[in-house]
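Participant: Spelled out, the chains give:
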Amino acid sequence: MELFTNLALGFSVALSFQNLFYCFMGVILGTLIGVLPGIGPVATIAMLLPVTFTLNPTSALIMLAGIYYGAQYGGSTTAILVNLPGESASVVTCIDGYQMARKGRAGAALGVSALGSFFAGCVATIVIALFAPPLAEVALKFGPAEYFSLMVLGLIAATVLASGSLVKAIAMVILGLLLGLVGTDVNSGVARFAFGVSELSDGIGFVSVAMGVFGFAEIINNLEQKGSREVFTKKVTGLLPTWQDIKDCTPSVLRGTALGCFLGILPGGGALLASFAAYTLEKKVSKNSAMFGKGAIQGVAAPESANNAGAQTSFIPLLTLGIPSNPVMALMIGAMMIQGIAPGPQVMTERPQLFWGMIASMWLGNLMLVVLNLPLIGMWIKLLTIPYRMLYPAILLFCCVGVYSLSNSPFDVMQTAVFGIVGYIWVKLECEPAPLILGFILGPLMEENLRRAMLLSRGDPLVFFQRPISLTMLLIAAFLLLIVVAPAVRKKRDEAFVEA
Amino acid sequence: MKITNGKDFWAGLMFMAFGLGFMIVANNYAMGTAVRMGPAYFPTVLGGMLAVLGAAIFFRAFVSKMAHPLVVFPFRLWFVVGGLVLGVIAYYTQVPRDGGTVAKVAHELLAGVAIGLLFAAFGPRALWVILVSVVVFGYMLKPLGLVIAAGLLVFGSAWGGHEFKTKEVTILFVLLATFSVYAFVKGLGLPMNIWPGILE
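Chains as they are written, first to last, in this note's numbering: chain R, 337 to 836; chain G, 485 to 684.
Honestly, the hints are just simulated from the structure, not real lab data.
It should be emphasised that the depicted structure is a prediction, and the values quoted were computed from it without experimental measurement.
Hints should not be assumed to be uniformly reliable.
[Unchecked claim] In silico SDA-like pairs for lysine to any residue, Cα to Cα no more than 25 Å straight-line:
#1 R:Lys718 with G:Phe557
#2 R:Lys764 with G:Val536
#3 G:Lys670 with R:Ala730
#4 G:Lys549 with R:Val503
#5 G:Lys649 with R:Phe389
#6 G:Lys588 with G:Lys651
#7 G:Lys670 with R:Gln675
#8 G:Lys549 with R:Gly676
#9 G:Lys486 with R:Pro393
#10 R:Lys764 with G:His646
#11 G:Lys651 with R:Val754
#12 G:Lys486 with R:Asn342
#13 R:Lys764 with G:Lys549
#14 R:Lys764 with G:Pro608
#15 G:Lys626 with R:Val754
#16 G:Lys670 with R:Ser745
#17 G:Lys549 with R:Leu817
#18 R:Lys764 with G:Leu602
#19 G:Lys649 with R:Leu719
#20 G:Lys670 with R:Ile819
#21 R:Lys718 with G:Lys626
#22 R:Lys764 with G:Phe559
#23 R:Lys718 with G:Ala595
#24 R:Lys764 with G:Gly681
[Said to hold, decoys possible] Stretch by stretch, here's where chain R covers chain G in the computed footprint (C-beta under 8 Å, at least three residues):
#25 508-518
#26 568-576
#27 666-680
Don't be surprised by glycine CBs; every beta carbon is placed ideally from N, CA and C.
Next comes chain G alone, as it looks inside the complex (with noise of 0.2 Å):
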């Protein structure tokens, strides 16, 4: 047996993880009758829709005419395992509510971390990079503002791309935060601030 079509290989063990997962977490859920139908009822039928078509794509990829290499596109299993073994870390040593601000910080810096990892096994730079700059811009919104979380992203992102020109960059960062707190805050009143909460 030979895989001959690497894109089918894949993506009918992604379909059918997805049917057996949902399946079995739906397990948790009454059932019901088909008269009346519990929440786990129709999760379960589509959960085993799912894994069968995956399955048949799955086999396809053994028999199939067009050809595709197994590697699809770069992955860095170490980054998933580090990613994953970080993340439970950081889910078993939540810090309370009353905790001190230190431990929250770290706490939350190991989190990062770990979806960061987790971020970057797939794709190439562009991905990871640019997906870590939305999320940074995401949570650092609130504490920061929009100015800085802006700037973030802007320069961020644009490092994530083939050509980085600093002056080009900085130009388009102070025309965008321009555009973004006249238009989104002071126009439209969406409820964001626009410099760090300590300064306003």
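Bound-form chain R, shown alone (with noise of 0.2 Å):
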């Protein structure tokens, strides 16, 4: 068997003493970051963005993609606890977590939570050591035509995926395309929309963006909203759940995984999508679906096991089509870039090492969390108890030093703060910053692919639609389209984003 070959080397990858270490680091940060609110895996990642050019590619990926699942975990306790979103997957949690904490249930939610997460990591390994490889396969017979129609579907899925309005979403993509186009044109040495200024001439960076966005952003709407929180710091006790507990949440757990697994993998999906869709299934499938909102230990285990599993499988397509389905992924990108690994199908092919190591490293990552959340939960609780007013400081100081290390140069620093006023605008105007992101990651790269399917066709538009796969993708993006402007099916979208 092949992939046991190759699971092999992962692991003799991922064992590595350096690796274990960094894997820890980032499920550890990803946890701490999870745990407090006001910061998400966008930010953190962005932020120590610059201190993986120091590493080696491999130590670099698990490192980061650990703070990513990490932080899956780390944002239930919060739910629990303080009935805040640690971090944005877990806001379904909030419903049923805080409830059950309420009822002096605290230990069971964060035990069953925990478990199935871990549950869902395993799967969710399993099946990207499985599906990835054909998959890329595939994707290696692909031309630009194809590559513009997948890119095509993508942004148009995340658009439809996204909550709010859909003509701002699509009206926030194309803008992100043209962001992402700030810069020296490749083909033509032009440097456009630069205005003569020299740091734009090598286009907007990303990180900017994504952490003036989301980071910068973020804290200024913590801070509008006062709000008073009750935290139960008290004693959590029996985190192993009983055996009628695990009746329950089996079915839910199972459920919940499928669901995540399968929802990761969609472009414009992972852990946010898929815990909101498992918690509506779940209400919709289980038999006491009275009891939700009231402290089920089902609306704990079903969107806990989703958020996790779609977190992982959403590195599919990051790794077989080099297309990412997120920011986080969208970082991820920019982490490979700068270490010089094109994102694509050959990723595969010819750096084995760093897939499989990757992989491996995502099921001992898991069994790390674990082991740290259900033991040293304590710990994770003592900081809950530090004041928002003490962290924002902190996390803007690290932010800064970040983006400021990015070139050494403090122009980084006032494009991330100009970022942050847009970012602030654009949540006020009700306009999703994500699909921003990711016009903005994709901008440069759908020029180029565009620019070489209309020469090979010779300037044939028609090109898109005699390929096969290419006709495929674009008529999928249309389906999707109609579908969701198809007013029962706008109905439904609009009670599942509000429901949460």
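Put the two chains together into one complex, using the hints given.
Facilitator: Below, the structure written as structure tokens:
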């Protein structure tokens, strides 16, 4: 079996002392920022990108991946104990998790979410190992036309799955594509939209956009809404779920994991969408749906398994197609590029150590996370007692040091501050920034593939419809748009986002 | 005609401005043909699409069922005007490379005030206080060193929040400065000076 030799290779890489250490660092950091409300994986990974310059590519990616799935574990702790999502994907966990905590069952909720996440993480690792290689093989046959259509599909899917107005989401994608084009055009050497600023001729810094829009704007919004929080910091006991709990949860965990794995692979998917969908599904199919919202253990188990599964399987489009499905994956592309690796299907064949090492590290990371989260839960709870007014100056300082060290120039810090303002305005105008980030990273790639496809077809735009794979993807994109515009689905979609 | 949805109104205007702006600037570059696209081709097409979508959102503001007031967040027009005027003055009074130190510092202060005014034009106090602290940190890191720049950022941003307790913030600053020096400069070896350049 090729799979086993590959996995063996992966484990031999992941079990090296250095990689174990960085995996551990990643999951610790991930849990930390997951627990702390007001800072998410996007800002953290953006902050750490400059640090990864000095690491070897495998260790760097192992650590950054650990932050993302680690945050899914940490986020649930805050959701259950404080009724605040420590991380955006645990928004729905608040609903039933906090109610369980109020009934004195915080321990069971924490235990179930950690064990459910672990199970989901194990399944998702196997799913990646099984499905990534065949997908990469298909992707190797892609020409520029297929890549262009794939990106169209990815961007459309990202807007369809985003909450809020569809037209605004599409406008944000296009704005992102345009911002991504700022800088020197590779074909002609013209510095586009740089206005004579030499720093801009290298393009707008991706880290600046991500950190400004997700990090700074988030802090300012948090400061704007004052709210008191009630923290259950009293001793949390009974972490191990009872036999009855396990019997109640097993089907929910299975459903959540399956849904999460599937939604993670979709372009535009990932942890956030998976947790929402799993909660909605669970409420529909569960026998005691009346208990939902009042502390149903299924309402914690399903979304928590789903968000971890989704976080991990969203690496599949990244590793096989080189297409990011959410802002975190867009940052991972940035990290790969810093290391001189072009993301795409060739990564698997050219750098098997990196690919399989990362997959193996995910399983090891999940194991570490269960250990970190269950016995050491008390330590994380202590962190929650730190008031936000002490936290945000620290977050700001780390962000600023990170941005500054990208190129050791104050220009990047300035740029980030500008995107902080812009991000604040976007939030106020209900324009979701996530689609913009995807457009931003795909802008240059999309232009390049469009140019190549048109050159090969001698200017015939029909090429996108004549090649079967390309046509299929465009049809799926059109279909997605159509079903969202259809009134019935529209209503459902609004409900699904409102419920949370 | 009455604007019912203020958020759509402003968002539509913003998208139209961005779309048209990109199209107008792209006009300076070569368009090329569909077979050999020039640097202006893709941005012009995208800019056009964005402007059309912006127009759709803009007109939706008049028929939308969702009601939002026109004032979405605090906005101070005079700050924008002042910032732009100072910015233009700063642009045309640039000090040559061999100019005097006093003139250079004065010019940089002028530019700084212009930028600060533009930042202060939007949103609540927390927004501009924090972002100005961030910019100050960026520009002061090299001349003043990590410790003092971190102090400016920590005190500045803490002052932007709701509660400011001097003792608490001082402790926070000492902890953060120590941590940054050991973790970033000594540990990770980031090239930053710890104290002002003159002292080292």
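Participant: Next pair to validate is lysine 718 (chain R) with alanine 595 (chain G); report whether the Cα-Cα distance is within 25 Å.
Facilitator: violated (45 Å)
Participant: Keeping to a limit of 25 Å between CA atoms, is the pair of lysine 626 (chain G) and valine 754 (chain R) held or broken?
Facilitator: Distance ~20 Å between lysine 626 (chain G) and valine 754 (chain R) Cα, so the pair holds.
Participant: Taking only the CA atoms, is the gap from lysine 764 (chain R) to histidine 646 (chain G) under or equal to 25 Å?
Facilitator: holds (20 Å)
Participant: CA of lysine 549 (chain G) to CA of valine 503 (chain R), is that 25 Å or under?
Facilitator: holds (16 Å)
Participant: Does the alpha-carbon distance linking lysine 649 (chain G) and leucine 719 (chain R) stay inside the 25 Å limit?
Facilitator: holds (20 Å)
Participant: CA of lysine 670 (chain G) to CA of glutamine 675 (chain R), is that 25 Å or under?
Facilitator: holds (23 Å)
Participant: Just to be careful, I want the Cα atoms of lysine 764 (chain R) and valine 536 (chain G) compared with a cutoff of 25 Å; is the pair within it?
Facilitator: holds (22 Å)
Participant: Would the pair lysine 549 (chain G) and glycine 676 (chain R) pass a check requiring their Cα atoms to be no farther apart than 25 Å?
Facilitator: violated (50 Å)
Participant: Keeping to a limit of 25 Å between CA atoms, is the pair of lysine 549 (chain G) and leucine 817 (chain R) held or broken?
Facilitator: Holds, because 22 Å separates the two Cα atoms, which is no more than 25 Å.
Participant: Please verify whether lysine 486 (chain G) and asparagine 342 (chain R) have alpha carbons no more than 25 Å apart.
Facilitator: violated (64 Å)
Participant: Within 25 Å, alpha carbon to alpha carbon, are lysine 764 (chain R) and glycine 681 (chain G)?
Facilitator: Distance ~42 Å between lysine 764 (chain R) and glycine 681 (chain G) Cα, so the pair is violated.
Participant: If you look at each residue in the segment 666-680 of chain G, do at least three have a Cβ nearer than 8 Å to any Cβ of chain R?
Facilitator: Answer holds; 6 residues pass the 8 Å Cβ test.
Hint check: violations occur at hints 1, 5, 6, 8, 9, 11, 12, 20, 21, 23, 24, 26; the rest are consistent with the structure.
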